[in-house]
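For the sequence shown, the numbering used here begins at 3 and goes up steadily by one.
Watch out, some of these pointers could steer you wrong.
[Claimed, not checked] Derived DEER-like restraints, expressed as beta-carbon distance ranges:
#, residue 1, residue 2, range
1, ASP180, GLN236, 36 to 46 angstroms
2, LEU154, ASN254, 39 to 49 angstroms
3, VAL188, GLN225, 21 to 31 angstroms
4, ARG204, LYS16, 50 to 60 angstroms
5, ARG205, ASP230, 33 to 43 angstroms
6, ARG204, ASP230, 39 to 49 angstroms
Just so you know, the hints here were simulated from the structure itself, not pulled from any lab data.
All values reported here derive from a predicted model rather than from experimental measurement.
We put the beta carbon where it would ideally sit given N, CA and C, even for glycine.
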Amino acid sequence: MEEIKYKNKVLEKKIEMVNRGINPQLSYASASIPRRDAFPPLRTPPGAAMLQREFLPPVNSKSQAYRLQPQYHQQQNQPPRDESNHQSWAQQIKNEMNDILSAIKELTANVNSSIAANKQKIDFIIGYLNLEYVASIYTTEIPSFTPAQTFLDICITNLSLTGLSAGYKITTVDYDSDHRALLFTVILPSKMQTENNIRISRRNLCAIKWKKFEKTLNAKFTQDLPDDRNLSVQELDDSIINLTCALVCANN
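Use the sequences and the hints to build the structure in full.
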């Protein structure tokens with residue numbers, strides 16, 4: 003338990019450092035009406051005086067005003083004076099995501115033993131990704147890294163997923179790796195999907211001449227899979243495309 007508490011403190015500092023490095027300079031102003039933020043800061047200082055001395059992680063960069071305590075608001079005052087000393091927007095996003103992903107990896111590595119202790123940080127990260135990138139985090143239904151029985155493999159996307167198990171968890175299957183393969187279907191955004199009803203081709207299986215189907219498929223598609231290594235991404239893509247084309251040809 004002491005080790006988990008130590009990891010929580012280290013992770014908390016990492017997330018605070020990410021926010022300090024990316025967000026603009028901040029000022030504090032008195033406010034009479036409390037504002038409800040998207041989710042609270044990771045650390046609650048013991049008194050208002052501490053608020054004026056410490057930098058707290060911003061929790062909502064869209065609204066430009068957040069509640070730190072009922073009597074204080076945090077506001078953006080002005081752009082940095084020297085823009086040339088700051089990284090480009092794209093590089094900021096890249097660095098920010100790398101640090102967030104590192105934090106998520108630390109959390110998911112021991113999700114079974116530390117879910118209660120890390121719940122606030124998990125909620126913070128999930129809410130932050132949803133706010134900044136309109137993205138959701140999907141985890142697996144069972145441990146995906148089999149040797150250590152940990153939840154290392156996750157999916158972060160702003161696309162809609164189907165084929166998920168109960169609780170919106172990703173289904174996994176055994177694979178020739180120490181990580182299980184993740185199975186899900188992505189619904190790509192398309193004007194055709196919103197404006198027209200897409201017709202799905204159907205086949206009368208009883209009318210198919212299976213001998214001819216087998217002969218055509220064998221002639222159109224052959225595959226020699228290596229047994230001493232994993233396939234590359236390009237090899238997988240090419241194999242899927244070739245198999246799909248061969249099946250369409252055999253069906254026709």
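Checklist entry - Of the hints given before, which are not true for this structure? => result Hint 1 alone not satisfied by this model.
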